[in-house]
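Q: First to last, the sequence lines map onto chains A and B. With the working numbering, the residue at position 463 of the first sequence is 533, and numbering never jumps. With the working numbering, the residue at position 131 of the second sequence is 165, and numbering never jumps.
Don't read these hints as lab results, they were simulated from the structure. Mixed in with the good hints there might be a few duds.
[Stated by the list, open to error] DSBU-like cross-link-like pairs, simulated, lysine-lysine; straight-line CA separation at most 35 Å:
1) A:K291 to B:K93
2) A:K496 to B:K104
3) B:K263 to A:K274
4) A:K403 to A:K523
5) B:K104 to A:K291
6) A:K607 to A:K523
7) A:K291 to A:K185
8) A:K433 to A:K493
9) B:K93 to A:K408
10) A:K274 to B:K283
11) A:K560 to B:K283
12) A:K300 to A:K274
13) A:K523 to B:K104
14) A:K380 to A:K185
15) A:K222 to B:K283
16) A:K479 to B:K273
17) B:K79 to A:K222
18) B:K79 to A:K274
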Amino acid sequence: MKNKSLKLLLISLLAISMLLVGCSGNSNEKAGGEGQSSSEGEKKDTLVFGRGGDSTSLDPITTTEGETFKVTENIFETLVEYGEQDTTLHPGLAESWEVSKDALTYTLKLRQGVKFHDGTDFNAEAVVFNFERWMNGNADDFPYYTMFGGFKGEEGHVIESVTAVDENTVQFVLNRPQAPFLKNLAMSPFGIASPTAVEESGDKFRENPVGTGPFKFVEWKQNDRIVLEKNEDYWLEGFPKLKQVIFRVIPENSSRLNALTNGEIDLMDGLNNSDEATITGNDQLQLIERPSMNTGYLGFTVNRPPFDNKLVRQALNHAVDKEAIIEAFYGGKAEVAKNPMPPSVEGYNDEIEAYPYDLEKAKELLAEAGYADGFEMDLWAMPVARPYMPEGMKVAEVIQASFAEIGVKAEIQSVDWATYLDKAAKGEFDAYMLGWTGDNGDPDNFLYTLLDKDSIGSNNYSYYSNDELHDVLIKAQTETEQNTRNDLYKQAQEIIHDDAPWVPLVHSTPLLAGTSDLVNYLPHPTGSEALTKVEFK
Amino acid sequence: MFSYTVRRVFSLIPVLFGMTLVVFAIIRAIPGDPAQVILGQKATKEAIATLTTELGLDKPWYIQYVDYIKALLTGDLGTSLRTRGPINEEIWPYLAATIELTIVAMIIAIFIGVNAGIISAWFSNSWFDYLAMILALVGVSMPIFWLGLMEQWAFSIELGWLPSTGREDVRNPITAITNIYMIDTLLQGRTDQFVQVLQHLILPSLALATIPMAIIARMTRSTMLEVMKSDYIRTARAKGLKMFWVVYKHALKNAIIPVLTVIGLQTGLLLGGAILTETIFGWPGIGRYLYDAIGYRDYPVIQSGILVIAAIFILINLIVDLLYAVVDPRIKYHQ
Numbered sequence: 071m072k073n074k075s076l077k078l079l080l081i082s083l084l085a086i087s088m089l090l091v092g093c094s095g096n097s098n099e100k101a102g103g104e105g106q107s108s109s110e111g112e113k114k115d116t117l118v119f120g121r122g123g124d125s126t127s128l129d130p131i132t133t134t135e136g137e138t139f140k141v142t143e144n145i146f147e148t149l150v151e152y153g154e155q156d157t158t159l160h161p162g163l164a165e166s167w168e169v170s171k172d173a174l175t176y177t178l179k180l181r182q183g184v185k186f187h188d189g190t191d192f193n194a195e196a197v198v199f200n201f202e203r204w205m206n207g208n209a210d211d212f213p214y215y216t217m218f219g220g221f222k223g224e225e226g227h228v229i230e231s232v233t234a235v236d237e238n239t240v241q242f243v244l245n246r247p248q249a250p251f252l253k254n255l256a257m258s259p260f261g262i263a264s265p266t267a268v269e270e271s272g273d274k275f276r277e278n279p280v281g282t283g284p285f286k287f288v289e290w291k292q293n294d295r296i297v298l299e300k301n302e303d304y305w306l307e308g309f310p311k312l313k314q315v316i317f318r319v320i321p322e323n324s325s326r327l328n329a330l331t332n333g334e335i336d337l338m339d340g341l342n343n344s345d346e347a348t349i350t351g352n353d354q355l356q357l358i359e360r361p362s363m364n365t366g367y368l369g370f371t372v373n374r375p376p377f378d379n380k381l382v383r384q385a386l387n388h389a390v391d392k393e394a395i396i397e398a399f400y401g402g403k404a405e406v407a408k409n410p411m412p413p414s415v416e417g418y419n420d421e422i423e424a425y426p427y428d429l430e431k432a433k434e435l436l437a438e439a440g441y442a443d444g445f446e447m448d449l450w451a452m453p454v455a456r457p458y459m460p461e462g463m464k465v466a467e468v469i470q471a472s473f474a475e476i477g478v479k480a481e482i483q484s485v486d487w488a489t490y491l492d493k494a495a496k497g498e499f500d501a502y503m504l505g506w507t508g509d510n511g512d513p514d515n516f517l518y519t520l521l522d523k524d525s526i527g528s529n530n531y532s533y534y535s536n537d538e539l540h541d542v543l544i545k546a547q548t549e550t551e552q553n554t555r556n557d558l559y560k561q562a563q564e565i566i567h568d569d570a571p572w573v574p575l576v577h578s579t580p581l582l583a584g585t586s587d588l589v590n591y592l593p594h595p596t597g598s599e600a601l602t603k604v605e606f607k
Numbered sequence: 035m036f037s038y039t040v041r042r043v044f045s046l047i048p049v050l051f052g053m054t055l056v057v058f059a060i061i062r063a064i065p066g067d068p069a070q071v072i073l074g075q076k077a078t079k080e081a082i083a084t085l086t087t088e089l090g091l092d093k094p095w096y097i098q099y100v101d102y103i104k105a106l107l108t109g110d111l112g113t114s115l116r117t118r119g120p121i122n123e124e125i126w127p128y129l130a131a132t133i134e135l136t137i138v139a140m141i142i143a144i145f146i147g148v149n150a151g152i153i154s155a156w157f158s159n160s161w162f163d164y165l166a167m168i169l170a171l172v173g174v175s176m177p178i179f180w181l182g183l184m185e186q187w188a189f190s191i192e193l194g195w196l197p198s199t200g201r202e203d204v205r206n207p208i209t210a211i212t213n214i215y216m217i218d219t220l221l222q223g224r225t226d227q228f229v230q231v232l233q234h235l236i237l238p239s240l241a242l243a244t245i246p247m248a249i250i251a252r253m254t255r256s257t258m259l260e261v262m263k264s265d266y267i268r269t270a271r272a273k274g275l276k277m278f279w280v281v282y283k284h285a286l287k288n289a290i291i292p293v294l295t296v297i298g299l300q301t302g303l304l305l306g307g308a309i310l311t312e313t314i315f316g317w318p319g320i321g322r323y324l325y326d327a328i329g330y331r332d333y334p335v336i337q338s339g340i341l342v343i344a345a346i347f348i349l350i351n352l353i354v355d356l357l358y359a360v361v362d363p364r365i366k367y368h369q
């Protein structure tokens, strides 16, 4: 009996293996054949977008994570929209707007005849519903709503009231002027959702998004794919061009490129700079550049000696060869940074002179600071690739070598990303590498968020605190005259440049790649864009 | 046998219980705040504080542990901190994807490994033996990462035979029933999709099979060599019995027991250790589910995910132990 079971086991094993080998043999040929016929067939209308990570939620207000917005930009629309490839303001769900003289009342005229994907009407009541929902929440549920200074009842909350004046007019009354108010309205998290769907789905709305955008949500298979289909009733005549968009998760950059080359996906983000030549050398593929709106930097925790000494920080600023780093690790696709914010953001101070790469000057400054023999420090390298820092560890090695030449012995350390952010927020690093991609193209989103004393404990990982800077930044927040604001921000950049809490390293140009028949894909500097006009040749 | 099985199953309870405690302690010892990670680099202090409270992470650890165990006893694996979804529902598609991949990988590993081992042993010190054992050595030491990318380059890009990533062609998606796609496509009578599933399985399962295949080959070879020196094999060969029958009817039965142990262990290892393969091939399996969870400090998912894998691992070992008795009648499990 037992002999028989063993035999049975072995034979069945053999049979399964044979079957498998047999099947795979046949299928190989078929795979090739099918692939060819489909590529020669009619015009493609499904776009497969390969990316590195999955969304965490499809209700954009519930997250701050970029991967989410790549999808939700297509499902939801905001009242005001950014330009196709910049952060200028354009009509969105609101066709026009008026701002009162005191900059406290915003009256928006809404687009008529727009419907949500569930067939309900978009109108002023829907806008009020969305804002009421957000402002009655908390920072945990709606983290980005803090762009409006907090929630209902909180001291800093900017929006006093939102009212529907009539079916197509909505009015915002503010407690105090907020200069980037309209720019904030255009941010992906403030996409207007269908009130009916929000009420019906409740907590499940994050998995069943309903907006007015060019594509409707169909399916989300976690860590694998998100499927969207064309919104046939989209208000913009003749758009979207595609029938279907599928976002696929392929974590590894090289595998994603393999999938693109093999035709499994049509578009990918997170292309390694080192793979640029592979794309340009293949006539089936095209290289796509995302306009730059980021800063990669080396920060010092300025409450730790010797980094509490301005001269030391300036010395180290002289000791980083940014050009060499860009040449080696960004394939030249980046710009040397001299300010904490990129030149594409209004208010950029181009008159500031960067600390030149000058080791002698660095040594002098160190000696002046009392560290003629140098010192030892930890240099924390980013463990993950980000557009502004594709190869953190290698960049750290270059910096380490330069520092060694001025007698500063840097030991490179790294740890996983979660721990990294945790330690950074707690100010546990001597020096660390990090970066930032702008949310709304406003200088406040760089300077106040990253370097004001109010931001210590959240994004001011340098623990840099300067009262003069604080006054300037707060003044700029409430000032609505753009030229005056720009002057204030220029002044702020001077203060920061002199204090040198960071070594600003680069403003990188993130790379994407697509098949060569893909047209009208315009990547947006904020990192996400709707695929309304994209089509295949 | 039955009472043995029952006893073994019951003895799993303290083991799994101990595991929950160890895993619970370890993941809380890792620095990194889940609230911070979930909300991202751009979160405010207030948001982090609120989320910490909402997630119950501000409670003392022993209360968190008791809550966790209480829920476990009712069959509730918890709620993911990141997706806010129940893990009971979330985990199966991932687990199914990995199980499917592991089964195919193990079939390949066992079929090729056992046979290569047998042939090597039979023709020991021949060129085949040397070649097979060198390959096995290479197989054990090959980084899966590199192997996976090379496979993609060779079979997808250069030859264009096989897809390089994913479980299916997303432009012709499969309707999931059990989430084990080989079964789902057959249930729906979609042989075209069944073939598609197999195509997607080949490269990742080959990559995953490499190490166990090599280990199984080496193990089979050494135990076969041992067995073939024994008298009864000599007799069988002297009788003029064909090689096939000597090996598969007489020798393998005695040689297979240590190999079975290895197979059991390797299967368990593959289940939990498929992270690299799953990452390279964009395979939405349990390895990646756990890996992401660790990155996000998604405590409930890490706890429950490891628990589920451990339970399966222990179960496989139980099955292997029981198989011993099936394979070798001399092994008996008494009270």
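Q: Could you tell me which of the numbered hints above are not met by this structure, giving the numbers in increasing order?
A: 3, 6, 9, 10, 11, 13, 14, 15 and 16
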